[in-house]
Amino acid sequence: MLDLIDQLEHIMPTALVGSIAQTAGMAVAAAGFPAPVGAVAEIQREMGPPLLAEVVGFRDDLTLLYPLSELSGVRRGNRVRLRRTARWLRVGPAMLGRVVDAEGRVLDGKPPPALSDRTSFHRRPPAPCDRPRIDEPLSTGVRAIDGLLTCGKGQRMGIFAGSGVGKSVLLGMMARYTAADVIVIALIGERGREVNEFIQRDLGPEGLAKSVVVVATSNEPALLRTQAASTATAIAEYFRDQGKDVLLLMDSLTRFALAQREIGLAAGEPPTSRGFTPSVFTLLPKLVERAGRSPHGSITAFYTVLVEGDDPNEPISDALRGLLDGHTWLSRKLASRGHYPAIDVLESISRLTPEVTDPSHRQAIFAVRELLAAYRDHEDLISIGAYQRGSQKTVDAAIDLQEAIQHYLRQAVEQPATLADARRQLLDLSAQYQARVETL
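Okay, so the sequence shown: first residue is 55 according to this note's numbering, each after it adds one.
Since the hints were derived computationally from the structure, they do not count as laboratory data.
Estimated spans, in silico, between C-beta atoms of each pair:
id	residue 1	residue 2	range
1	Asp434	Leu169	54 to 64 Å
2	Leu169	Asp454	49 to 59 Å
3	Leu150	Glu248	17 to 27 Å
4	Pro325	Asn250	31 to 41 Å
5	Asn250	Ala485	37 to 47 Å
6	Leu150	Pro332	32 to 42 Å
7	Asp365	Ala181	34 to 44 Å
The beta-carbon is built from N, C-alpha and C at its ideal position, and this holds for glycine as well.
The whole structure should be built from the sequences, with the hints applied where relevant.
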């Protein structure tokens, strides 16, 4: 009962009012309006309904608000009224199979679902000592990941890639074939036409049936694009608390960072590396730490990172490699060859693979990585016919098994895979390698 009273005190409107003093880019400044950061206010306009905005900071005696829609119709002196000081999201099992916006409103044209529960947009991550160890693998349905970059339930992985190398297709394969109970997909900053394409082509009816899709397209205000990431994470937390194993797919974390940079600059933050504001690097760990394993269930998260200019050392990529439990690198060179999914195994790593695989599986991973590395190191000599067989047994075996390895790493979109199949085929490749080395 006390918890309910506390919630009501936070969400009930108050009599706090102010007035618009000025605009600064996409932000507005209100005078006589000492609302807390994160509060939601409504701005009265001469024409049209009130404009919702969120308090993002203060400048001198003015309160800075970032609007949730266009600023058209706002003028100096418009009344600002506090609507609520905290934001809550309605959640429930009926969200499965639905497409919602950053506020949790349905976008698929169907009747709104009956949702009886509430959760906060910005929950605290589980306490470090309350997190169980990650010791059980989760099948993603992608053979190259399950076999060579095996992930555990509650792991957080990054998918690093430039534009147009198959990130969305890879996420669709995971959503369609994963062994997780629930999938939550966040499409942040996507082009509007790509949303339906992803849902109908990449996700499909069977994937959508156990998914919740959260959408904030590129034309929406930056505040809604950042909020979509929190909304998707809050929904995933709700299902984790119900004892489910949740797969959270977020595309992309880079666009979340770009939206937060826009908000930070509007609030007067100083730009740092490549124009990103300090709040970007503060919010990234707060967001990704909310995923993981809890005593009730797990959130296994895959965050796509749009690498600017294919530079793996740009600021967001560099920061996230240190925050996540591994990264999967998608290669433009492989994609140009028609190799899909375009996963560069040698540039990718899963830090928890040793924790969720048995010794024979790990040995097979080392063997295949050794073959891939040996072939890459001598690829130029092999391609021009300058390599002499018999020089190195590992390179000879790599040449002989190259076709089998590439067949293992390639996977058609319509071809499902399981963790057991990926492990069995990998052990078979390792056995062939040992046999070749012994006969050479």
